[in-house]
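As they're listed, the protein sequences go chains P and X. Going by this note's numbering, the residue at position 253 of the first sequence is 253; the numbering climbs one at a time, nothing skipped. Going by this note's numbering, the residue at position 64 of the second sequence is 64; the numbering climbs one at a time, nothing skipped.
Every clue listed holds true.
Simulated pairs of lysine to any residue, SDA-like, Cα-Cα distance not exceeding 25 Å:
id, chain 1, residue 1, chain 2, residue 2
1, X, K284, P, Y46
2, P, K24, X, S397
3, X, K284, X, L271
4, X, K295, P, Q168
5, P, K267, P, L256
6, P, K24, X, Q387
7, P, K24, X, S396
8, X, K190, X, V65
9, X, K190, X, S250
10, P, K36, X, S103
11, X, K295, P, Q171
12, P, K62, P, G255
13, X, K295, P, S163
14, P, K62, P, S258
For the chain X half of the interface with chain P, some residues (derived, Cβ under 10 Å), not all of them:
id, residue
15, S117
16, Q124
17, N404
It should be emphasised that the hints constitute simulated quantities derived from the structure, not laboratory data. Each residue gets a CB set at the ideal place from its N, CA and C atoms; glycine is no exception.
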Amino acid sequence: MTDRITQSMLSTTLLGDLQTITDKLTQTRDKLSSGKEIQKPSDNPYGTSRALQLRADLAANKQYQTNVSDASSWQDATDISLGQIGDLSQRARDLLVQGANDTLGASGRASIATEIDQIIESVKSIGNTQYAGRYLFAGSKTTTAPYTPGGADAYLGDTATISREIGQGVQVPLNIDGKSAIGDGTTAGSLLATLRKISTDLKANNSSALQSGDLATLDTALDGLTSTRATVGARTNRLDTALSRLQQIEQTTTGLLSNTEDADMAKTLVDFSQQQAVYQAALKSGAQVIQLSLMDFLR
Amino acid sequence: MGISTFLGVETALRGILAQQRAIDTAGHNIANASTVGYSRQRADFATTTPMDDTPSGLLGTGVDVVQYQRLRDSFIDIQLRAQTMRKGSAQAQQDGLNQVELSLNEPSDTGVSSLLSKYWASWQSLANAPESLATRQALVQSAASLANGLNTLASQFSTVLAQTTQQQGITLAQVNSIGTQIASLTGAIKSAQLAGAQPNDLLDKRDVLIDQLSELGNVSVSTTAGSPGTLGAIDVSIGGTLLVSDTTASTLALPLASLTSGKLAGLQSVLTTIGTASTGYIGKLNQLAAALAAKTNTQHALGTDLAGATGGAFFTVTAGNEAATIAVAPALLASPSLIAASLNGQAGNSGNALAIADLQGTAVIGGATIDTAYSQLVTQIGSDSQQAQQSLSNASSLVDALTNRRQSVSGVSLDEEMATLVRYQRGFQASARALSAMDEMIDQLVNRTGRVGL
Chain P
1 MTDRITQSML
11 STTLLGDLQT
21 ITDKLTQTRD
31 KLSSGKEIQK
41 PSDNPYGTSR
51 ALQLRADLAA
61 NKQYQTNVSD
71 ASSWQDATDI
81 SLGQIGDLSQ
91 RARDLLVQGA
101 NDTLGASGRA
111 SIATEIDQII
121 ESVKSIGNTQ
131 YAGRYLFAGS
141 KTTTAPYTPG
151 GADAYLGDTA
161 TISREIGQGV
171 QVPLNIDGKS
181 AIGDGTTAGS
191 LLATLRKIST
201 DLKANNSSAL
211 QSGDLATLDT
221 ALDGLTSTRA
231 TVGARTNRLD
241 TALSRLQQIE
251 QTTTGLLSNT
261 EDADMAKTLV
271 DFSQQQAVYQ
281 AALKSGAQVI
291 QLSLMDFLR
Chain X
1 MGISTFLGVE
11 TALRGILAQQ
21 RAIDTAGHNI
31 ANASTVGYSR
41 QRADFATTTP
51 MDDTPSGLLG
61 TGVDVVQYQR
71 LRDSFIDIQL
81 RAQTMRKGSA
91 QAQQDGLNQV
101 ELSLNEPSDT
111 GVSSLLSKYW
121 ASWQSLANAP
131 ESLATRQALV
141 QSAASLANGL
151 NTLASQFSTV
161 LAQTTQQQGI
171 TLAQVNSIGT
181 QIASLTGAIK
191 SAQLAGAQPN
201 DLLDKRDVLI
211 DQLSELGNVS
221 VSTTAGSPGT
231 LGAIDVSIGG
241 TLLVSDTTAS
251 TLALPLASLT
261 SGKLAGLQSV
271 LTTIGTASTG
281 YIGKLNQLAA
291 ALAAKTNTQH
301 ALGTDLAGAT
311 GGAFFTVTAG
321 NEAATIAVAP
331 ALLASPSLIA
341 ASLNGQAGNS
351 GNALAIADLQ
361 GTAVIGGATI
371 DTAYSQLVTQ
381 IGSDSQQAQQ
391 SLSNASSLVD
401 ALTNRRQSVS
411 GVSLDEEMAT
421 LVRYQRGFQA
431 SARALSAMDE
441 MIDQLVNRTG
451 RVGL
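The whole structure should be built from the sequences, with the hints applied where relevant.
The structure is reproduced here in structure tokens:
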């Protein structure tokens with residue numbers, strides 16, 4: 001419907017077109033150099049909110065992985081300590097069986113009692129094992145040594161549970177408190193009390209106790225220790241599963257984030273060369289159209 | 001009735017003069033080909049009054065320029081100004097929102113959303129090692145960074161608000177200055193028209209001013225009541241308020257009665273979008289900071305610190321201006337051991353730290369978590385800015401198209417002017433030739449007639 005075309009129309013249209021193409025070229029170049037599809041929220045508001053969510057998920061996931069690794073190391077340290085206690089208790093059992101033999105006599109039993117006492121000290125010092133500066137078996141009183149080597153058999157920790165979060169709202173108990181695993185001097189039937197009783201019975205040359213009750217009590221205590229170790233093992237398994245699940249989620253989330261945020265390089269490059277070609281064409285044709293006028297032909 | 005011998009000379013002279021005026025007009029057009037707002041002019045020719053040459057009839061007496069016509073379509077002007085108003089409004093919105101959007105710096109590894117993630121992760125890290133002063137220190141630092149990030153964002157929003165208010169003042173001054181210029185041009189136009197002249201170039205200048213004005217606000221132009229339309233007296237209103245009436249300009253002050261488009265309306269909308277207490281960006285940011293501080297503080301008070309004492313305030317805020325004032329409580333900055341991570345009073349318990357970390361997934365602001373509320377704010381700013389960009393590019397292309405249409409009617413075509421020049425130059429030559437013929441004829445009569453036999 002435009003009937004007259006004037007010089008200024010030609011030049012403003014050309015300028016406008018060139019500006020549009022340059023604008024597009026700049027955007028594409030930004031995408032290429034940053035590798036990001038979304039430079040600022042208005043490029044894709046929905047994509048931005050998705051990217052923010054995915055980034056937050058990713059950060060939380062990494063933190064959960066850290067939590068799981070920390071919990072796993074704690075379990076490993078606990079398991080090693082419980083293993084050592086198990087070995088010591090097994091040795092104590094062997095000694096008990098040996099000491100129960102009446103042919104040994106009071107002096108023989110006394111020397112076995114000395115070894116049992118050594119075992120008790122070792123168990124107590126293992127009960128004081130630290131992991132990253134914290135007492136493993138002190139319940140939540142992680143800054144207090146739960147046992148006093150060379151002193152009374154009292155348990156100085158508490159029985160509180162320490163938990164780690166391994167997913168949104170998912171917590172796993174972390175610690176085995178010393179009272180349930182090792183016990184103290186006053187709780188009859190606990191490992192520590194049993195060992196102490198064996199030592200006392202050996203020293204008192206109490207054949208009947210050594211031959212009848214003590215072995216059964218120690219076996220029960222050993223069973224308890226084994227089941228505690230099984231608990232730790234089960235936790236380790238759970239943590240391993242959680243870690244591999246978290247890693248899988250991380251991979252998926254990273255992929256999704258990249259899909260949302262990152263530029264499709266092949267497509268962007270093709271766009272870029274196309275826009276460049278259009279730009280050159282516009283410049284060439286523009287330069288010629290603007291130069292021409294009737295003046296060039298009038299003599 | 002006799003015809004003067006010299007009539008032909010007069011006719012030829014009128015021809016010469018008219019062609020010359022036409023060539024002058026073409027020259028004026030060419031000279032103003034790039035002048036903003038210039039409307040091309042055309043010398044309109046008409047035959048002069050014929051002479052009675054009874055009984056033969058009427059003898060033509062040549063040509064005269066009756067007017068220099070200004071070629072302009074006022075309907076296109078109205079359309080163009082309507083779109084210019086939309087463009088002005090969209091441009092102002094786009095400028096303001098773009099600045100807000102850039103200050104967000106999202107999505108990135110340094111924006112508030114990633115600071116939030118780091119803050120929550122620090123609580124988790126504290127939960128992993130509640131006894132450690134190092135993790136406590138790290139938590140205090142990441143909380144301080146988060147508070148700082150919110151402060152910076154709030155202050156950047158405020159800066160945009162302040163700049164926008166300043167812009168409003170400048171724009172209003174522009175409006176008033178244009179009003180004064182329009183009024184004085186109207187005075188000049190009226191006196192020219194009273195003297196019977198057609199002040200084309202003054203009308204062009206006034207139209208340029210009205211064009212400029214329509215970028216600043218919604219403008220309406222009408223003929224001054226009681227004044228004949230031919231005299232060019234106009235009333236110009238902006239934002240529903242009379243700015244110029246005939247030759248009197250008023251000095252306007254904000255707020256204007258009904259501002260619906262143009263730069264002033266765009267600036268006003270930026271102020272509303274950012275600054276409104278509850279629904280504006282600043283309001284939402286304040287809600288977010290308030291919720292973060294309140295929830296963290298409430299939970300923090302339920303726990304105990306390393307010494308077994310109940311937790312105090314974790315964040316401090318000033319009500320009503322939360323985002324700009326949120327900070328980690330100075331006592332905690334000084335000694336991170338005061339962070340109440342424990343729920344049972346023992347150093348190894350990290351129940352409270354976990355409870356605070358779990359606030360990340362708790363809906364606190366109208367069904368949204370703090371992270372979600374922030375991401376909603378970002379999305380809102382993003383889509384507002386996108387919308388402003390789209391309406392700007394929409395209005396821009398309409399303005400471009402209409403400008404082209406106006407140029408098609410009023411713009412100078414050099415080709416056309418060249419053709420005109422050639423045409424009138426030939427007309428001039430031919431008129432001069434006619435004059436020569438007359439001259440020779442009279443020469444014949446005066447000098448050579450009646451000399452038989454000399």
